[in-house]
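Line order of the protein sequences matches chains G and Z. Position one of the first sequence corresponds to residue 31 (the working numbering), numbered consecutively onward. Position one of the second sequence corresponds to residue 59 (the working numbering), numbered consecutively onward.
FYI, nobody ran anything at the bench for these hints, they're computed from the structure. Hints are supplied without guarantee of correctness; some may be wrong.
Heads up, simulated DSS-like pairs for lysine-lysine below, C-alpha to C-alpha not over 27 angstroms straight-line [said to hold, decoys possible]: (1) Lys151(Z) x Lys109(Z); (2) Lys151(Z) x Lys42(G); (3) Lys109(Z) x Lys77(G).
Computed from a predicted structure; not experimentally measured.
Now for the letters of each chain:
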Amino acid sequence: MSWTRIVAMTRKEVLQIVRDPRSLLIILVIPLIQLLIFGYAVNLDVKHVPLCIYDRDGTQTSQDYLKHFQAIDYFNIVRESDSYPDIVRSIDHGVCSVALVVPPQFAENLQSSGRANVQAILDASDSNSASIGLGYAQAITQAYSSEIRIAWQQERGLTVGAPNVTFEQRTWFNEDLESMANLVPGVIAMVMAVVGAFLTSLTIAREWERGTMEQLISTPVGKLEIQIGKLLPYFVIGITDTAICAGTAVWWFGVPFRGSWLVLFGCSMLFLIVVLSLGYFISVTAKSQLGACQMALLATFLPTFLLSGFIFPIDQMPVVVQWVTAFLPARYYVSILRNVFLKGSETRLLVPDIAALTAIAVILVILATRSFRKRLA
Amino acid sequence: MRIREAMERIRQMLKKEFIQTLRDPHTRWILFGPALIQMFIFGYAATMEIKHVSLAVLDQDNTQESRELISHFSASRYFRITKYVNERDELRKGIDRGDFLLAVEIDSGFAQRLRNGQGASVQVIVDSSNSNTALVAIGYLNQVGVAFAQHYQIDQIGRTAPQLVSFVPQVDLEARPWFNEGLLSEWYFVPGVIGNLLLIQIMNLTAFAVVREREIGTLEQVMVTPIRRWEFILGKTVPFFLIGCSDATMLTLIGTLWFGVPLRGHIAVLAIGVMVFLLAALGLGLLLSTLAKTQQQSMITAFFFTMPMTSLSGFGTPISSMPLFFQRLSYFNPLRHVVLILRSIFLKGVGLEVLWPDMLLMAGFAFLMLSVSVLRFRKSLE
Numbered sequence: 031m032s033w034t035r036i037v038a039m040t041r042k043e044v045l046q047i048v049r050d051p052r053s054l055l056i057i058l059v060i061p062l063i064q065l066l067i068f069g070y071a072v073n074l075d076v077k078h079v080p081l082c083i084y085d086r087d088g089t090q091t092s093q094d095y096l097k098h099f100q101a102i103d104y105f106n107i108v109r110e111s112d113s114y115p116d117i118v119r120s121i122d123h124g125v126c127s128v129a130l131v132v133p134p135q136f137a138e139n140l141q142s143s144g145r146a147n148v149q150a151i152l153d154a155s156d157s158n159s160a161s162i163g164l165g166y167a168q169a170i171t172q173a174y175s176s177e178i179r180i181a182w183q184q185e186r187g188l189t190v191g192a193p194n195v196t197f198e199q200r201t202w203f204n205e206d207l208e209s210m211a212n213l214v215p216g217v218i219a220m221v222m223a224v225v226g227a228f229l230t231s232l233t234i235a236r237e238w239e240r241g242t243m244e245q246l247i248s249t250p251v252g253k254l255e256i257q258i259g260k261l262l263p264y265f266v267i268g269i270t271d272t273a274i275c276a277g278t279a280v281w282w283f284g285v286p287f288r289g290s291w292l293v294l295f296g297c298s299m300l301f302l303i304v305v306l307s308l309g310y311f312i313s314v315t316a317k318s319q320l321g322a323c324q325m326a327l328l329a330t331f332l333p334t335f336l337l338s339g340f341i342f343p344i345d346q347m348p349v350v351v352q353w354v355t356a357f358l359p360a361r362y363y364v365s366i367l368r369n370v371f372l373k374g375s376e377t378r379l380l381v382p383d384i385a386a387l388t389a390i391a392v393i394l395v396i397l398a399t400r401s402f403r404k405r406l407a
Numbered sequence: 059m060r061i062r063e064a065m066e067r068i069r070q071m072l073k074k075e076f077i078q079t080l081r082d083p084h085t086r087w088i089l090f091g092p093a094l095i096q097m098f099i100f101g102y103a104a105t106m107e108i109k110h111v112s113l114a115v116l117d118q119d120n121t122q123e124s125r126e127l128i129s130h131f132s133a134s135r136y137f138r139i140t141k142y143v144n145e146r147d148e149l150r151k152g153i154d155r156g157d158f159l160l161a162v163e164i165d166s167g168f169a170q171r172l173r174n175g176q177g178a179s180v181q182v183i184v185d186s187s188n189s190n191t192a193l194v195a196i197g198y199l200n201q202v203g204v205a206f207a208q209h210y211q212i213d214q215i216g217r218t219a220p221q222l223v224s225f226v227p228q229v230d231l232e233a234r235p236w237f238n239e240g241l242l243s244e245w246y247f248v249p250g251v252i253g254n255l256l257l258i259q260i261m262n263l264t265a266f267a268v269v270r271e272r273e274i275g276t277l278e279q280v281m282v283t284p285i286r287r288w289e290f291i292l293g294k295t296v297p298f299f300l301i302g303c304s305d306a307t308m309l310t311l312i313g314t315l316w317f318g319v320p321l322r323g324h325i326a327v328l329a330i331g332v333m334v335f336l337l338a339a340l341g342l343g344l345l346l347s348t349l350a351k352t353q354q355q356s357m358i359t360a361f362f363f364t365m366p367m368t369s370l371s372g373f374g375t376p377i378s379s380m381p382l383f384f385q386r387l388s389y390f391n392p393l394r395h396v397v398l399i400l401r402s403i404f405l406k407g408v409g410l411e412v413l414w415p416d417m418l419l420m421a422g423f424a425f426l427m428l429s430v431s432v433l434r435f436r437k438s439l440e
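Generate coordinates for the entire structure from the input sequences, incorporating the hints supplied.
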């Protein structure tokens with residue numbers, strides 16, 4: 031191993047990157063755009079569910095009930111229907127995703143038997159919003175029920191009182207329940223996966239495809255030197271991206287940062303080593319840029335997006351899928367990041383995650399180093 | 059005569075493309091493998107529902123009432139009581155370690171306050187490091203609280219005035235989930251996944267195919283042949299259009315046969331929707347190829363486009379919850395239209411009478427992309 035050769039190799043790679051300033055700019059800007067989208071546009075909580083109402087009773091009571099849906103910003107009453115076909119049409123056309131039908135004799139039933147049913151028709155083609163919307167509607171209906179129950183008791187002079195259980199919630203770690211704070215770790219992991227695996231997987235594959243690999247092989251540079259020299263610039267880009275992401279999240283969006291910067295950057299470097307080695311391994315195996323790109327997508331970006339627990343909670347997945355996630359570096363990295371940003375718990379608690387990440391890193395580095403043969407074939 | 063010659067040249071070009079694309083097993087795998095694997099991961103892993111929130115309980119009251127409340131938690135299908143603790147400190151530590159998501163602490167005097175008709179409060183700690191799960195859990199929590207209070211109140215009325223119990227007023231909400239009766243998240247995700255995969259797959263394949271020729275230098279060789287530019291573009295895009303069609307067929311079959319998603323609409327409408335969308339994806343791919351000199355560049359630029367497109371397509375989060383500006387912006391996103399179209403055809407079973415505006419917007423986008431890229435393509439060669 032010679033430092034001069036590594037430096038030369040790195041220099042060549044850096045020149046190649048710098049010669050294409052647009053790509054470099056995009057790489058540095060992608061995390062910002064993703065953060066802006068999550069910060070300003072996409073919200074994981076469901077609000078302003080478009081609602082149609084069809085009041086077949088038309089009494090004071092039914093209007094009173096429906097008024098409860100106006101007051102809250104969970105719902106947005108977009109239409110007052112006057113027939114079932116109109117509701118069918120509204121739901122088919124996507125005008126509303128929930129329709130409430132108050133039956134005729136709603137007030138009368140409530141008066142005579144104490145029971146009344148309201149129908150909530152849900153456009154469950156979006157099952158997630160539908161079940162959340164149903165939850166809101168149920169909460170409103172329950173609140174209405176308990177209101178009329180109290181009035182009913184008072185009319186009859188029953189002195190039972192209105193028992194009321196309230197939950198005094200203290201939300202720990204993310205007090206304002208900001209979905210932004212929740213997403214930042216995932217965005218960082220995703221960006222690292224893209225930079226690490228995609229870009230590196232293409233660099234080696236490109237040399238094979240263009241035939242410059244032959245020239246490289248004929249020089250005295252060793253395979254370990256090629257590996258380090260090739261990966262070093264991307265390592266720096268990755269760390270820069272992490273810093274941009276974390277800085278924007280903390281100083282622009284006000285995401286809390288409770289752990290130590292040391293742990294953040296230490297673990298980020300560890301994760302970068304993992305994805306870089308993975309990208310290197312893929313590119314050596316694939317030998318075409320298209321193949322490398324697709325394999326990198328499958329091996330890094332998708333699992334980071336889907337299986338790391340960043341959007342979809344791991345403990346809700348089928349058991350077999352949960353086992354699969356145990357082999358995913360992104361899962362441990364996201365868990366560490368969440369800790370560093372939100373929980374700020376002692377580093378001692380992070381040891382299992384860090385150990386798992388280290389183990390994966392060691393295996394992948396060995397795998398990547400062994401896969402590359404300085405030979406033409 | 060002229061037309062026959064043109065047809066002949068396109069035929070040769072197509073032949074070359076097909077041979078090049080289907081030559082080695084590696085590339086053949088790339089055409090279908092990734093889409094297949096992604097479909098399965100999505101189908102199984104992507105679930106937004108939260109069914110069993112892990113919960114720890116500290117009961118310092120130990121009365122009939124407090125136990126009743128706890129049994130409301132254990133009976134709820136949303137909660138799973140994982141631990142009964144004796145000390146407050148254990149709740150704290152457990153939340154720190156992430157052993158459970160929710161810690162419920164019932165103080166002594168809970169039953170007393172209830173009997174007095176006062177409001178009784180229960181302390182809850184929620185681990186909100188995943189804010190989405192935390193929000194859902196808080197919703198469930200309040201449902202349990204309301205149900206318990208209602209139960210308790212009716213119980214009390216039954217003691218003081220038994221003849222009135224059956225008249226206690228109550229409004230029930232009957233849920234009628236249309237289109238996806240079991241509220242299954244696979245049904246929700248699968249149609250959207252088809253749209254996303256087609257976009258990424260076809261856009262990248264097209265862009266890579268053109269850029270690779272440019273990168274290796276074979277593009278110049280093709281250009282010195284008598285082939286015209288539009289013939290070249292046609293020859294490049296038709297194979298990927300066909301590949302896109304077969305990908306779509308494969309994904310639709312997996313969606314319906316494996317994941318059991320119903321296909322309620324007309325298959326012809328589905329075909330039209332997919333084909334128009336494929337044209338838009340091809341257009342984007344061609345545009346990308348005019349913007350990039352190397353494959354690496356084209357891939358990075360592709361990412362630059364696809365990340366916002368996916369996030370703003372309504373695929374994972376409803377468009378109606380976005381700020382108005384982004385809702386309007388999303389009309390320019392072909393992915394938004396195709397996700398809506400696919401979902402509507404699969405689950406709602408509606409046809410062109412409902413979907414024509416989205417189809418039209420998508421077709422407009424496709425036309426725009428294709429013409430811009432054809433115009434730019436000319437210049438980029440010279």
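Now the hints, each set against the structure:
At roughly 24 angstroms between alpha-carbon atoms, Lys151(Z) and Lys109(Z) fall within 27 angstroms of each other, so this suggested pair holds. The hinted pair formed by Lys151(Z) and Lys42(G) fails the criterion: a straight-line CA distance of about 52 angstroms is larger than 27 angstroms. With a C-alpha separation of about 21 angstroms, the suggested pairing of Lys109(Z) with Lys77(G) holds against the 27 angstroms cut-off.
Hint 2 alone, counting from the list given before, is not met by this structure.
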